[in-house]
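K.L.:
Let chain A serve as the given structure and place chains B, C, D, E and F on it in line with the hints.
The chain contents come next:
Protein chains: 6
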Amino acid sequence: MAQAVRVTAERIRKLEVQGARNVAIAAIKALEALAEETSAKTRKQFMKELKDTQATLFASRATEPLMRNAVRWIISQVENSGKENGDALAKIVASSSNQFLKNLETSKELIAEIGAKRIRNNMVVFTHCHSSTVTHLLSKAKEEGKTFEVVCTETRPVFQGRITAKEMLALGVKTTFIVDSAARSFMRNADIVIVGADAITSEGNVINKIGTGTIALLAHEARKPFYVVAELLKFDPATVCGEYLQIEERSPKEVWKDAPEKLEIRNPAFDVTRRDFIHGVICEEGVIPPHAVSEVILRKHPWIF
Amino acid sequence: MAQAVRVTAERIRKLEVQGARNVAIAAIKALEALAEETSAKTRKQFMKELKDTQATLFASRATEPLMRNAVRWIISQVENSGKENGDALAKIVASSSNQFLKNLETSKELIAEIGAKRIRNNMVVFTHCHSSTVTHLLSKAKEEGKTFEVVCTETRPVFQGRITAKEMLALGVKTTFIVDSAARSFMRNADIVIVGADAITSEGNVINKIGTGTIALLAHEARKPFYVVAELLKFDPATVCGEYLQIEERSPKEVWKDAPEKLEIRNPAFDVTRRDFIHGVICEEGVIPPHAVSEVILRKHPWIF
Amino acid sequence: MAQAVRVTAERIRKLEVQGARNVAIAAIKALEALAEETSAKTRKQFMKELKDTQATLFASRATEPLMRNAVRWIISQVENSGKENGDALAKIVASSSNQFLKNLETSKELIAEIGAKRIRNNMVVFTHCHSSTVTHLLSKAKEEGKTFEVVCTETRPVFQGRITAKEMLALGVKTTFIVDSAARSFMRNADIVIVGADAITSEGNVINKIGTGTIALLAHEARKPFYVVAELLKFDPATVCGEYLQIEERSPKEVWKDAPEKLEIRNPAFDVTRRDFIHGVICEEGVIPPHAVSEVILRKHPWIF
Amino acid sequence: MAQAVRVTAERIRKLEVQGARNVAIAAIKALEALAEETSAKTRKQFMKELKDTQATLFASRATEPLMRNAVRWIISQVENSGKENGDALAKIVASSSNQFLKNLETSKELIAEIGAKRIRNNMVVFTHCHSSTVTHLLSKAKEEGKTFEVVCTETRPVFQGRITAKEMLALGVKTTFIVDSAARSFMRNADIVIVGADAITSEGNVINKIGTGTIALLAHEARKPFYVVAELLKFDPATVCGEYLQIEERSPKEVWKDAPEKLEIRNPAFDVTRRDFIHGVICEEGVIPPHAVSEVILRKHPWIF
Amino acid sequence: MAQAVRVTAERIRKLEVQGARNVAIAAIKALEALAEETSAKTRKQFMKELKDTQATLFASRATEPLMRNAVRWIISQVENSGKENGDALAKIVASSSNQFLKNLETSKELIAEIGAKRIRNNMVVFTHCHSSTVTHLLSKAKEEGKTFEVVCTETRPVFQGRITAKEMLALGVKTTFIVDSAARSFMRNADIVIVGADAITSEGNVINKIGTGTIALLAHEARKPFYVVAELLKFDPATVCGEYLQIEERSPKEVWKDAPEKLEIRNPAFDVTRRDFIHGVICEEGVIPPHAVSEVILRKHPWIF
Amino acid sequence: MAQAVRVTAERIRKLEVQGARNVAIAAIKALEALAEETSAKTRKQFMKELKDTQATLFASRATEPLMRNAVRWIISQVENSGKENGDALAKIVASSSNQFLKNLETSKELIAEIGAKRIRNNMVVFTHCHSSTVTHLLSKAKEEGKTFEVVCTETRPVFQGRITAKEMLALGVKTTFIVDSAARSFMRNADIVIVGADAITSEGNVINKIGTGTIALLAHEARKPFYVVAELLKFDPATVCGEYLQIEERSPKEVWKDAPEKLEIRNPAFDVTRRDFIHGVICEEGVIPPHAVSEVILRKHPWIF
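Protein chains in written order, with my numbering: chain A, 1 to 305; chain B, 1 to 305; chain C, 1 to 305; chain D, 1 to 305; chain E, 1 to 305; chain F, 1 to 305.
Since the hints were made in silico from the structure, they are not lab data. The structure presented is a predicted model; accordingly, all values stated were derived computationally and were not measured. Just so it is clear, CB atoms sit at the ideal spot from N, CA and C, and this is done for glycine as well. Hints are not guaranteed to be accurate.
Only some residues are given here: those of chain F computed to face chain A with a beta carbon under 7 Å [to be verified]:
| no. | residue |
| --- | --- |
| 1 | Thr-56 |
| 2 | Gly-280 |
| 3 | Pro-289 |
In silico negatives: residues of chain C with every beta carbon more than 12 Å from chain E [to be verified]:
| no. | residue |
| --- | --- |
| 4 | Ala-33 |
| 5 | Gln-77 |
| 6 | Gly-86 |
| 7 | Ala-88 |
| 8 | Ser-107 |
| 9 | Ser-132 |
| 10 | Glu-149 |
| 11 | Arg-184 |
| 12 | Lys-209 |
So that you can see chain A by itself, here it is in the shape it has in the complex (with noise of 0.2 Å):
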């Protein structure tokens, strides 16, 4: 295994690369630097490579569906060549990574285009953490001459909030910044939320960052829409199969550095949204009940399975 493989993965493992793309775009280079190093001469020696590669990346994060499925479709890739040689294979990572890549950017911007329809001037926007397809989205709708407002979460324990509010001030976007638990008194005045997700489930469930089943909850009390946006590969096929995401809890030392020895401090860093809150999935194949995504997702990638 290269030791890029493996340095990736330690990186992935210490939170040194964040957010679902990113993780997913490290694996992927991973991938094609394996590739470009690999002695592997035969079929058999190549796929046990990226089967090790497989397992190494697969091991160093809890739930990362969109770089689990990128990993899976490029190995399918190979698996389906027909090509029997080492050198051939590895060409065919690399040009398989180079079209999941180009795919997930076409896909970006299909949900920008396809959101951005669902701003409408003077609106409102709550949104909650960073995530960079939500950003996108609304720049797209400010480069439509959209005029909206958008209120954003700080978003505990790490801040990512701020992030959002620079990204909406450099766009022009007037921006209301809240503490998280300010939320329910901020969403009588948004007209939509958009959130991000780390991964869908076989159910029509969301997870996303802590914070987001709350903001979901509110926005159905205050009967606002609330519409998540994501990449279709986020599905994760594992739920399919009844595996329960396993949410992952960070180090307790983001929450509180000098905390007195015998406090627990727990710090789980997603939670579940239940399909019922969500008005829609705003995807690459349009605009979706949360209900269908299993059914599209075996519609146009029956590979997952």
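P.N.:
Quick look at chains B, C, D, E and F alone, frame taken from chain A:
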């Protein structure tokens, strides 16, 4: 007007004194100081000084019913005393201040005794922010030999949850500490929610630290009993007359010290929890439905109006 | 029994007099006329006339608690007067009628003052049907220099919403007018809902113009505060004893003049709004939860039972 | 202490006496027996006997507020009588026992009269378990010539619903009988739900036969009015002080006679119905919201505390 | 472009043609007229004429998916025909127009057959506005010998409910007619709610006559099954791409002819009913959950995208 | 028609065979017997016998989709076989019966494997009635070494919960047993609810043992995940066409053996659980939202229609 009054009013305005109880005690002390220093000879002169003091203290903070009720009560005692000379009236200020503080202490004890009965062995108690009345209740339960756990939120922006956590650990109670937006994930395992209050309205709603309304909604969603612990004198008589409690906004610096320039940071200190989410108000008169608070007030404290 | 009583009862029955206040005033005037015209010499004779009048007036309309309470109160004043001769008793009718009307006027003013405090600048106020108490409250708010908008429904079948719209325009208030079934679409932008009441039950429910229950449900769905504005004497003491308010059905002609022959047109004039949907009752005693109305009545108007 | 007291307490403990009314009556009879048999000469001696009796009776069953209030009332009458000699005090026990039973009877009649007004022709009345107050109300409605149907659940584990069914058939009322878990299917066609109560708490919640909370939730889901029929003296003053009503668990044999050995059978006799599900409490003071019960108690029965 | 197209577009814009079916049929007839009159010789010329016609028809009304889908389908048939000469292509317009109308008729029959199975004897069917698909379904049920009643709302501002009422009476069905805001009072006795649809979105929401969303909420509150009857081709493919259906506003004159000058009358013709309130969509493919509509469309009508 | 068919149909009608699986297996065995005994020579003769058998079996019980789908599938295999002679066709019955039973077994295993992943250590699993699929799933989880508890209801009137309790004890699982109406009290401590199903409709609703709908509502109230475990072939294709599943009513004797004569005992065997209460359907295709079941069926079992 005594110097002490001006100083106290200033300290209250600058948030150097915090917490409904502490603000009320500071105001009482200021009245006592006034009574000591006054050179008023006649009832008329003395009442004028008292009324000026009242105006100054009331202007120091938007929503502080306990403090206001303390001042109202002491002045009503003076008014009803029938005394005419300055010295005699000053003595009444002193004695009724004393009485008020004693009553406040008794209320706190009664509330702790009553509320502690709701804590049963092996319970997980969820709380938000820091309330000395809540922690007193829990220490009472601990004294009585009960075993329970506490989950507390950090309570951004000023992290009062850390005070709660420290006090609980000092009592020897197992304590779990989470960011505010993880509340929904931990509500599932809670057995009871207990919070304090800054004010109670004529409709039976409760004003408390920002985020309390969300905690109440989460408790409601998860069918967990949600109790508010409060002295009856947190009732705000102005709400009977239709005044709506003004929600104080504090400095943006509390939220983000070096925020980008154009960013609008909103920092409301309180929110409203509707009576429908409140199982009971634990007060010195017992456990009552929030809907009945104004009737109980009328029965026990008719002077308040 | 005076001719005026019979005429008044007839006019009430034929709906020539409408609105709880107007019906009450008409009944009081009829009592006054009776007192003027009566030839009763003894207390016994006079009381008989009064009781007959009461029976006639009560029979004129199914659900008119304000009118009934007016009659009850005047008669109770006569009964408790200790006077024995017809003339003296007639004078008591006159003076207490006078007093009742004055109290009614005072209540209206108090309600307007209290309620106007709930109107803040830039609010959108949603209302249904026409209530002189509601429009008086809004004109008070306007007088106080507040800027607000009103959305009002047309209120089929008799279009009382048109009266509301005209009164609001006359005040210089920006007014939006919609059909009843568009209420849900416009609730989204409302900030507060304020309606009148025809009757309040012992359980705290409110009887008002058909459609009010739906408006309340829509406000609840959209988390908008829903207030009922009503004099306490709209309380119906018969409901304490289990009587269920009978919902009056009016002429099918109001709904469709030249309807097909076999069509069954149902035209209930009122519906019931459950207390759970009512944030507060704004009455002359302040803003109170609907659950407390019967206790407040007992305290303020014990003669009602 | 009289032998009768010990025997009665034993019979109550063994569930040989059942139903809140019957238990209260048995306790009163025991007090009467004590008064007859006592050899106490002085007030002090007599009061001691009474207090011992109270302790013995209170210990016989966990949650029996009506019985406890009966005992409290009779003792308070003795205490306030001013009499000093044993015989005189014993007579007061006799007369006040008598009075209490008479009041109990009057309450039952009043409740039946008030509640029967809620039964209208062609209604389907849904009830659960057996309550003599409920069946008395229904027999009253039948006497008044009303035509209605009853749906009753069998009420496992002891099948009290069979008693209700038989009583209804005896009245000539069309009766439908279902298993408890079919309640949701039949709620659809019900017009009103009426159940009894074992206890009412200071917060306005009702303790009644296991399953009542579910029936209330089903009524709420189906938007059917849910009424609790109860004498005010079912109020438990201990709940004001924070005591939580202990839910009695009965013998597993009631559920499954020859159960497998290791099986844990849980057989709670009661559950809690929250005030939000209760449209009204029909008591001797009228139809009141459950939220107001503690205020009404305070007004009518101040001796209870 | 044929004169007929311009005339039709004009009539659609002026609302002289109404109802999704009728508008679609008018557009098809216009296409047929164009095909008859065209002087286009080549495929290129003919396709240009078709595309112009499409643009003109699409511009005539904001939200008419059935008409748009009709035009899309006919044009797609022409495009895929492989024919090159004008005459041949014109014939395809004629034959496919014919086919579309026949399919529409078949769908209507299928929907009536499927839906009629949901009508059982003695049911009370609640409907809103007028939908020929709904009344066809009901007439089918009547033909099958079923006995049922209908409750219909008048449906302000244009009183389409009167058409429904007349059609039902003509069928010999007992019909109750109410104002829109009495819906909540009559929902209690309904057994099923059936309404039509103007459009279905990719998320599974339904656009229909103003007031439908409220009826759905009332049905939900009262736990009554709420069905939407619609041809699958009411699906709007633009919603997949994020377009939000624009809600057409009609003339204020419809609401109030001689309204005061400054009054703002808002007259939205439609509203949105969220999928959560819809038990099932009864379409030509059977009874399906609204969440599945977009998947079914994709399977049956891939040409739509 | 074979004697075996008549006997089997009779046994099914008399409820001597119970449970969806067992009924399906009995019907398959009857078809096999028919194939063995038949004297049909031609395809036409054989098909007639099969169709008669189908009619007889379908008539034996109202709602048995699994059995009906088994019969449908075997007949469709015969129809599509292209064989013409009786013997050859009979062999196809034998082989496809065999195949169906094998598939059924595989589904059960798959469901157990998938579902067992949802059981985590220390969970409290709540179930209702007895379902061999559910208990197989739990025994699988136990085999995998997981520690969990089970709460099961007795399930009146036939006490199938006792079978569940015995099976769980046999597995060595700690089991708590309660009466049906105590479910709400124990839902509080449950972590997951898992029940079986008798049928699934085209709208995604589930028909199961009476009481399941209430359990689902209770789980919803308490925010506990509610899963239905079912083979896809429990889907009832008739519901697509609008047929509403008829709820079978069983003998009143099951409820009360020696009931009073005039008492109407209603004993519906099943009720409907709406899709909104179902977190997921655990089937052989994975964990899917109930809304998607009809689409999955169409993809996997197109022959069903």
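K.L.:
Compare the structure with each hint and give your call.
P.N.:
Results of checking the hints against the structure:
1. Thr-56: For Thr-56 of chain F, the interface hint is violated, since the closest Cβ of chain A sits about 37 Å away, which is over 7 Å.
2. Gly-280: Holds: closest Cβ of chain A sits about 4 Å from Gly-280 of chain F, inside 7 Å.
3. Pro-289: 4 Å, holds
4. Ala-33: 37 Å, holds
5. Gln-77: Fine: 38 Å to the nearest Cβ keeps Gln-77 of chain C off the interface.
6. Gly-86: 47 Å, holds
7. Ala-88: Its Cβ never comes within 12 Å of chain E, the nearest being 49 Å, so this holds.
8. Ser-107: For Ser-107 of chain C, whose nearest Cβ neighbour in chain E is about 28 Å away, the distance exceeds 12 Å, so it holds.
9. Ser-132: For Ser-132 of chain C, whose nearest Cβ neighbour in chain E is about 19 Å away, the distance exceeds 12 Å, so it holds.
10. Glu-149: 9 Å, violated
11. Arg-184: Violated, because the least Cβ-Cβ distance between Arg-184 of chain C and chain E comes to about 5 Å, which does not exceed 12 Å.
12. Lys-209: Check fails; 8 Å does not lie beyond 12 Å.
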